[in-house]
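Asks: Sequence:
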Amino acid sequence: MSSARTQLAVLPVIAGSALAGAIYAYVAGEDINWDWQNYHDYAGFALVHGRFDVDVAPGGFQSFLNPLIYLLPYGIRHGLGAPWWGIALGALHGLNLALVWWLSRVLLGRAAAAVTLSAAVIIAALSPMALSEVGTSFADILTAMPILAGVALMFSDDDDRGRRFVLAGLLIGAATGLKLTNAIFLIGAGVSLLLLARPLRPILGFGAGSALALIVTAGPWALKMARDYGSPLYPFYNPIFRSPEAPLVSITDTRFMPSGLLDALAYPFYWVIGEHPSSEWPFRDPRFAVVIVLLIALAVSGVLQRREVLTVRDRRLIFFFSASYILWMLAFSIQRYLIPLELLSAPLIVLLLIRLTDAWRLPAGPFGPPTRRVQAMTILAALAIALASQPSDWMRRPWSAPYRPQLAQALHEPATFLLLQKPLGYVTSLLPAGSRVYQLSELVVPIVPGGVPDRRVRNGLAEPLPGGIWALYFADSPADNPPRLEMLADYDLRIDDSRACERIPGADGTDIMACPVISGSSAAASTAGLMPDSDER
1364 MSSARTQLAV LPVIAGSALA GAIYAYVAGE DINWDWQNYH DYAGFALVHG
1414 RFDVDVAPGG FQSFLNPLIY LLPYGIRHGL GAPWWGIALG ALHGLNLALV
1464 WWLSRVLLGR AAAAVTLSAA VIIAALSPMA LSEVGTSFAD ILTAMPILAG
1514 VALMFSDDDD RGRRFVLAGL LIGAATGLKL TNAIFLIGAG VSLLLLARPL
1564 RPILGFGAGS ALALIVTAGP WALKMARDYG SPLYPFYNPI FRSPEAPLVS
1614 ITDTRFMPSG LLDALAYPFY WVIGEHPSSE WPFRDPRFAV VIVLLIALAV
1664 SGVLQRREVL TVRDRRLIFF FSASYILWML AFSIQRYLIP LELLSAPLIV
1714 LLLIRLTDAW RLPAGPFGPP TRRVQAMTIL AALAIALASQ PSDWMRRPWS
1764 APYRPQLAQA LHEPATFLLL QKPLGYVTSL LPAGSRVYQL SELVVPIVPG
1814 GVPDRRVRNG LAEPLPGGIW ALYFADSPAD NPPRLEMLAD YDLRIDDSRA
1864 CERIPGADGT DIMACPVISG SSAAASTAGL MPDSDER
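The sequence shown maps to residues 1364 to 1900 in our numbering.
These aren't lab readings, by the way, just hints derived from the structure by calculation. Note that the structure is a prediction, hence the values are computed from the model and not measured. Check each hint, because a few of them may be wrong.
Said to hold, decoys possible - Calculated pairs, SDA-like style, for lysine to any residue (alpha carbon to alpha carbon, straight line, at most 25 Å):
| hint | residue 1 | residue 2 |
| --- | --- | --- |
| 1 | Lys1587 | Asp1817 |
| 2 | Lys1587 | Pro1602 |
| 3 | Lys1587 | Val1411 |
Go ahead and model the full structure; you've got the sequences and the hints to work with.
Replies: Structural data, given as structure tokens:
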């Protein structure tokens, strides 16, 4: 594609990408995903209102993750009315398609025609995990943008004395600082630079850029965690940092890990048929299986023809893709964390199709010259992949009934709220200003007696607020997630049965009980005062 035509296409591509994301977010509905209910909304709220030194982990151990990435979704959601905040977030997330278009131009080079670029965008637009996060509070789709931009810079042919590697490091390093699970892409990108003919300067530039970005995006929060809890990554990796506030175990979610090598190799093919061992909710995705099949076909072609069918840059791209994927499999196997590769697979599939047809040097036939047949093949493949895809669903509600709960009159004064279940962190932003919120039900990182959170709870209870003390838990609790009412006894508290509980409408349709709490010793003394003594009997 000529430079002039490319410049003319940039603005329509950006506008079309944003519009596509906005439309999908509106059609999909209001985001109420579990993580938003648990800690996404609280993270932004606490950062804006300075609540991290007031509350005690309303979102459980996830409350200690870097909150910076959740500031933008929080600001948009609470700054705009429904459905406009969802449309705005969707438009922002839709810009990933514009980045895929740019990345495809970089990777395809001379083969970057309107048809091949359209094929890549079609494959990316129906990416099941990325699509499921459009218009939501998830950070995966937001941090995918600097990762895609960084990869495009790394594989660009511009001769800029290595500045593009510094900028790529800044972008991917920032994505990692904002969400540490993106470290797999940072490592994959850095290692892929070893395949360059002269890797020293690019590696140094990339390393310097990523280090600076990590310091800026993650440094302040790491310093706070180290100051407050004795570990920069509290409560994670505690066998290394050994904070006294958390168990000396690694916090890892092993639900999605493969059971062995054969199971790991089968994951991409599970996804084709709709099995989802790597996700809580169903989805269907043929992209990674297609990449594997095409790579095998290219390897066989190279052996049969006894020549290289991939360029050096192609091999660098495949190495980055493969290394990041293997690291993902070993570290998490959580599908959401793979969104950057899911989007990157779109131009990679088109590139591999072009290389495969080039390898066999097909002559002209009844359907026209080879170039047109390649283009037709890529479009057909893109449509087949798109039609075979099914996005996941993280819970939404219709825009016709946006979540706007009204609190009962009894809850209008600042009070102390004790959370006895998860996810309830999102309730924090609904409560009266000046309230305190303490999570008592966390099982992974329980409150350590005498520790910082424990002292904060006890000091707060010793200084009553006008609205009193309330315990929050779900009205209808599943058997595997009962309210931890027994935690009240640790602070000499119990539910006050003499007063009525209030109900707070829940985002997902399950009401939240707000029950008044009193001191256990006070209640016992009061009861004893009502009993006649032995002489009177």
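Asks: Please go over all the hints and tell whether each is borne out by the structure.
Replies: Going through the hints against the structure:
no.: 1; hint: Lys1587 - Asp1817; result: holds (18 Å)
no.: 2; hint: Lys1587 - Pro1602; result: holds (19 Å)
no.: 3; hint: Lys1587 - Val1411; result: holds (16 Å)
Of the numbered hints listed earlier, not one is contradicted by the structure.
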